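Taken in sequence, the protein lines are chains Y and V. Residue numbering for the first sequence follows this note's numbering, beginning at 25 and increasing consecutively. Residue numbering for the second sequence follows this note's numbering, beginning at 25 and increasing consecutively.
Source of the hints: derived by calculation from the structure; they are not laboratory data. Just so it is clear, the structure is predicted and the values come from calculations on it, not from any experiment. For glycine and all other residues, C-beta sits at the position ideal for the given N, C-alpha and C. No false leads were slipped in.
The calculated DSS-like cross-link candidates involving lysine-lysine, where the alpha carbons are at most 25 Å apart (straight line), are:
hint: 1; chain 1: Y; residue 1: 115; chain 2: V; residue 2: 69
hint: 2; chain 1: V; residue 1: 188; chain 2: V; residue 2: 204
hint: 3; chain 1: V; residue 1: 193; chain 2: V; residue 2: 68
hint: 4; chain 1: V; residue 1: 106; chain 2: Y; residue 2: 212
hint: 5; chain 1: V; residue 1: 193; chain 2: V; residue 2: 204
hint: 6; chain 1: Y; residue 1: 204; chain 2: V; residue 2: 138
hint: 7; chain 1: V; residue 1: 137; chain 2: Y; residue 2: 69
hint: 8; chain 1: V; residue 1: 94; chain 2: V; residue 2: 138
hint: 9; chain 1: V; residue 1: 94; chain 2: Y; residue 2: 85
hint: 10; chain 1: V; residue 1: 69; chain 2: Y; residue 2: 77
hint: 11; chain 1: Y; residue 1: 138; chain 2: Y; residue 2: 212
hint: 12; chain 1: Y; residue 1: 69; chain 2: V; residue 2: 69
hint: 13; chain 1: Y; residue 1: 94; chain 2: Y; residue 2: 77
hint: 14; chain 1: Y; residue 1: 94; chain 2: V; residue 2: 69
hint: 15; chain 1: Y; residue 1: 154; chain 2: Y; residue 2: 186
hint: 16; chain 1: V; residue 1: 106; chain 2: Y; residue 2: 138
hint: 17; chain 1: Y; residue 1: 77; chain 2: V; residue 2: 68
hint: 18; chain 1: Y; residue 1: 138; chain 2: V; residue 2: 69
hint: 19; chain 1: Y; residue 1: 68; chain 2: V; residue 2: 85
hint: 20; chain 1: Y; residue 1: 85; chain 2: V; residue 2: 68
hint: 21; chain 1: Y; residue 1: 94; chain 2: Y; residue 2: 137
hint: 22; chain 1: Y; residue 1: 77; chain 2: V; residue 2: 77
hint: 23; chain 1: Y; residue 1: 69; chain 2: V; residue 2: 106
hint: 24; chain 1: V; residue 1: 138; chain 2: Y; residue 2: 68
Just a sample of chain Y residues kept apart from chain V, beta carbon distances all over 12 Å, derived:
hint: 25; residue: 46
hint: 26; residue: 154
hint: 27; residue: 177
hint: 28; residue: 179
hint: 29; residue: 193
There are 2 protein chains.
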Amino acid sequence: MNFAIKRSKPNKVINKANLGMDLEEVINQSNEYYLNNDIAVIHKKPTPIQIVKVDYPMRSKAVITEAYYKVPSTTDYNGIYKGKYIDFEAKESHSTTSFPLANIHPHQIEHLKKIIAHGGIGFLIVYWSKFNEYYLAPFDVVYEFWKNKETDRKSIPYSTFKDKCYLIKEGYIPRLSYLKVVDEVYFKD
Amino acid sequence: MNFAIKRSKPNKVINKANLGMDLEEVINQSNEYYLNNDIAVIHKKPTPIQIVKVDYPMRSKAVITEAYYKVPSTTDYNGIYKGKYIDFEAKESHSTTSFPLANIHPHQIEHLKKIIAHGGIGFLIVYWSKFNEYYLAPFDVVYEFWKNKETDRKSIPYSTFKDKCYLIKEGYIPRLSYLKVVDEVYFKD
Chain Y
25 MNFAIKRSKP NKVINKANLG MDLEEVINQS NEYYLNNDIA VIHKKPTPIQ
75 IVKVDYPMRS KAVITEAYYK VPSTTDYNGI YKGKYIDFEA KESHSTTSFP
125 LANIHPHQIE HLKKIIAHGG IGFLIVYWSK FNEYYLAPFD VVYEFWKNKE
175 TDRKSIPYST FKDKCYLIKE GYIPRLSYLK VVDEVYFKD
Chain V
25 MNFAIKRSKP NKVINKANLG MDLEEVINQS NEYYLNNDIA VIHKKPTPIQ
75 IVKVDYPMRS KAVITEAYYK VPSTTDYNGI YKGKYIDFEA KESHSTTSFP
125 LANIHPHQIE HLKKIIAHGG IGFLIVYWSK FNEYYLAPFD VVYEFWKNKE
175 TDRKSIPYST FKDKCYLIKE GYIPRLSYLK VVDEVYFKD
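With these hints in hand, go ahead and build the complete structure from the sequences.
This is the structure in C-alpha cells:
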C-alpha cells in the first residue's frame, strides 16, 4: 500500500459498493479465505518501519516511541498457490482516465522483474475507485509502459486495463476472487 | 527473529568468529549476495508493528510516536529459488545441549506446514552460538518434536541436529551459503 494513499485516508470518500473497506482490507479478507480453505498461502508483508527509540515501561511490553516509514524494497503480497511462487502489489487509481506510474516504486518493478525471471508469477491489482473495478494487470503489460515512461507517457490509460488486463469480479465470499483470474491467465494449460 | 533475543541484544556476548554480526545480518547479507548474483530472490519480512499514533511535524515526514511489536503470523524469510517457493525461520540456541521449542511461535509451525502442503520448501536455520554452527533443519524433523512436545520433551537435542539436520558451512562470500544445502536436501534429482 502506498503511503500517500494511507495518509489521505481520513479524507477519502467511502464508496458505497466498497462497504467502507479499503483495497488492503479487501485483499486481506480474500487471502484469509484462501488460507482457511487451503487454497493458497498468501500474506501481506508488514509495512517496513525504521525503529529509532523503544521504551520499556514494563518488562513485558516494549513501546516504540520513535519510528519512521521506510520505502518498501519489495511488493506487499507474496505466497504460494498451486505450487507456484506468487507476488503482487495492489494499487488504487482515483482517476477515470489513467493510472499514474509514479504510484509504483522503482524497487517494486525491479522486484517483480526478478520474480518473473526466476519462474514466479507477478502482477499488479489495480482498483479503479471511480468505477469500482478491480483489474489484474500482468507484469509485462505494466512494464511495457514503465520502461518507456521517460520518453513516452507517464501513466497507463484505462483503455489498456480494459483491453490487456483482466477484470476481477467482485463476489461475496471471497470479496475478490483474484485467484480465479490467476487461473485463467497463468494456469490455462 | 525472536523478540526475546532482540531485546537482549545489548547484553549479548559477541562471538569473535561471528565478526559481531547477528544471525539476521548474516542471513540478510547472504540474501543480498543471492539477489545481486541472480541466484534467488529471498527477503526478510519487515517486523510486524502495530502503529497507534503518528505525528506529522512536517508534511513530508511522518513520525510514528506510539507503536507496539506484534506477534508474527508467518516466518521471517521467504522468496523464490529455482522456480520454487522457499520459506524459513532463523533462530538461535545459546545452549550446548538442546534447542527449546518455545523459541518457535505456533503460528510459524502452522505456516510452514501449510507451505509444504502447497508444494513449497520450508525449514529452520538454527545457529548454535556456543559452537558457532549453523544448521538447516528440515521442517519434518522439527515437526516430529513439535507435535509431541506436550507429552514428550520440549526441545530438540543437539544430537538431532548433528544426525538429521544439515550443517551450513561458513564461507566468505556469501557468509552463509545456505542455498548449497537447500540444493543437497531439496534439489537432489
